[in-house]
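Trainee: Use these hints to put chain B onto chain A, whose structure you have.
Sequences listed follow chains A and B, in order.
Per the numbering used here, the first sequence starts with residue 1, numbered consecutively.
Per the numbering used here, the second sequence starts with residue 1, numbered consecutively.
For the record, the hints were derived by calculation from the structure and aren't laboratory data.
Note that CB positions come from ideal geometry on N, CA and C, so glycine has one too.
There may be inaccurate statements among the hints.
To be verified - Looking from chain B toward chain A, a few residues come up when the C-beta cut is under 8 angstroms (computed):
id : residue
1  : Pro29
2  : Gly32
3  : Leu46
4  : Ala54
5  : Leu64
6  : Ala68
7  : Val78
8  : Glu82
9  : Ala88
10 : Val91
11 : Val100
12 : Val103
To be verified - Some chain B residues well away from chain A (every beta-carbon gap over 10 angstroms; in silico):
id : residue
13 : Met1
14 : Leu2
15 : Ile17
16 : Ala18
17 : Arg20
18 : Ser21
19 : Leu36
20 : Lys80
21 : Lys114
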Amino acid sequence: MPTFSELTSLTWASFAEKPVLETGATVFAFLVATRIARLGGNHPLLNPTLLAIILISLGLEATRIPYETYLHGADVIHFMLGPAVVLLAVPLFRQRAVIRASARLIAVGLAVGMPVGILSAVGIAWALGAGPQTILSLAPKSVTAGIAVGISEQIGGLQTLTIVLVIMTGITGAVLGPIIARLARIEDQRIVGLAMGIASHGIGTARALQIGETAGAFSGLAMGLNGILTAIVLPLVCGFLGFAR
Amino acid sequence: MLEQIARVLCWLCVGEIAARSGLLPLPAPVTGLILLYAELAFRGKLPEDLGVLADRLLQFLGMLFVPAGVGVIAHLHVLKTEALPILAAIVGGTAITLFVTMVVANLLSVAMAKRRGQVPAKLEGAVSDANL
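Just chain A, with the same shape it has in the complex:
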């Protein structure tokens, strides 16, 4: 006769093999997180992504399901990220007239935001004594996860660490974006979206879409262009510095 704890752990172990538990739990956690955020008047600190991550983490801790098992089960949701990024073409296309009219603004935003994003993070980490591998993993932090992993590998960072840092940056940008916009007294949705997309990729874009379709479109565009630009520039700069050293 198995004890209660043995029984429950057995049940969890077999149930966790089916993606329905992880997928269902993720959707449910995000639903709960969205409700909490709405109750709090959609305050930036009540970021649904952050809340859902905390809920799931606590759930995994309580049920002792390993992260790898969870990720395997929640792969369906993880997979949807690819089509979702492709579909960002739709808000871009809807805003094509506005974007064409703001071409110079977007170009300047990227020319400033991309190097500032990399240099500020690398500079602060270096000044506070982070190791070289951490610094290299940190360099593509503002780029959407799919691109950032590739860059991290190219320049000698840790891919797994980069994923985590990218998400932390995304949440930070999603939380700070509207606050800094308010502090800087900027109401122009184009500018807020542009900065949030450059600084905090898809998570920032998800938040920018809540502000409005214009902010979402600019954020998505900035995220895409910043990703492409960083993927081209960062390995080149690192290679140059590597040779110089």
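Mentor: Just chain B, lined up with the frame of chain A:
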């Protein structure tokens, strides 16, 4: 609707092939995004179903990051040893990036509006901030 799902997966697939074959150094979804945009620009109009699909999926874009985000717990030990530089770089770096990008873009926007002879009143505050 099925046609639109096929369209999105098709461009994603082309992006995947381009990435895997080493043709393009870009991640598959970014190539897919560019190709879908190019197709829409070529057609000149957005299929209604595609708009609905995008609206539905992008509505919970934030949820799609949850599985990867939970990875934070798997890396807690790595993060703990260099917690201060990492947190300072992420929070400080992101705040600086947001602020500088917003202020510079806003300065340009105001300068361009001025040249056109129209100064949006709500943007003036940000200009004086930037001059501090």
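Trainee: Each hint needs a verdict: does it hold in this structure or not?
Mentor: Tested hints:
Look at Pro29(B): its Cβ gets to within about 3 angstroms of chain A, closer than 8 angstroms, so that hint holds up. Residue-level restraint check for Gly32(B) holds (minimum Cβ-Cβ distance to chain A is 4 angstroms; threshold 8 angstroms). With a least beta-carbon distance of about 6 angstroms to chain A, the hint placing Leu46(B) at the interface is held under the 8 angstroms criterion. A cut of 8 angstroms between beta carbons decides the hint on Ala54(B): the least distance to chain A is about 3 angstroms, and the hint holds.
A cut of 8 angstroms between beta carbons decides the hint on Leu64(B): the least distance to chain A is about 4 angstroms, and the hint holds. A distance limit of 8 angstroms between C-beta atoms decides the matter here; for Ala68(B) the minimum to chain A is near 6 angstroms, and the interface restraint holds. Look at Val78(B): its Cβ gets to within about 6 angstroms of chain A, closer than 8 angstroms, so that hint holds up. Taken as an interface hint, Glu82(B) checks out: its beta carbon lies about 5 angstroms from the nearest beta carbon of chain A, inside 8 angstroms.
Among the interface hints, the one on Ala88(B) holds; its C-beta lies about 5 angstroms from the nearest C-beta in chain A, closer than the 8 angstroms criterion. Checking Val91(B) against chain A by beta carbon gives a least distance of about 6 angstroms; that is within 8 angstroms, so the hint holds. Because the beta carbon of Val100(B) sits about 5 angstroms from the nearest beta carbon in chain A, less than 8 angstroms, this interface hint is met. Because the beta carbon of Val103(B) sits about 6 angstroms from the nearest beta carbon in chain A, less than 8 angstroms, this interface hint is met.
Every beta carbon of chain A lies more than 10 angstroms from that of Met1(B), the smallest distance being close to 13 angstroms; the non-interface claim holds. Against the 10 angstroms criterion, Leu2(B) stays outside the reach of chain A, whose nearest CB is about 14 angstroms from its own CB. Distance to chain A confirms Ile17(B) as a non-interface residue, since its nearest Cβ pair spans about 13 angstroms, more than 10 angstroms. Even its closest Cβ contact with chain A, about 13 angstroms, leaves Ala18(B) beyond 10 angstroms, as expected for a residue assigned away from the interface.
At roughly 12 angstroms, the least C-beta separation between Arg20(B) and chain A is larger than 10 angstroms, which holds for a residue marked as non-interface. Taking the minimum C-beta to C-beta distance to chain A, about 15 angstroms, the non-interface status of Ser21(B) holds against the 10 angstroms cut. For Leu36(B), the shortest C-beta to C-beta distance to chain A comes to about 4 angstroms, within the 10 angstroms cut-off, and the non-interface label is violated. Remark: the non-interface label on Lys80(B) is consistent with the geometry, its nearest Cβ contact in chain A lying 12 angstroms away (cut-off 10 angstroms).
At roughly 14 angstroms, the least C-beta separation between Lys114(B) and chain A is larger than 10 angstroms, which holds for a residue marked as non-interface.
Taken one by one, the earlier hints fail for this structure only at number 19.
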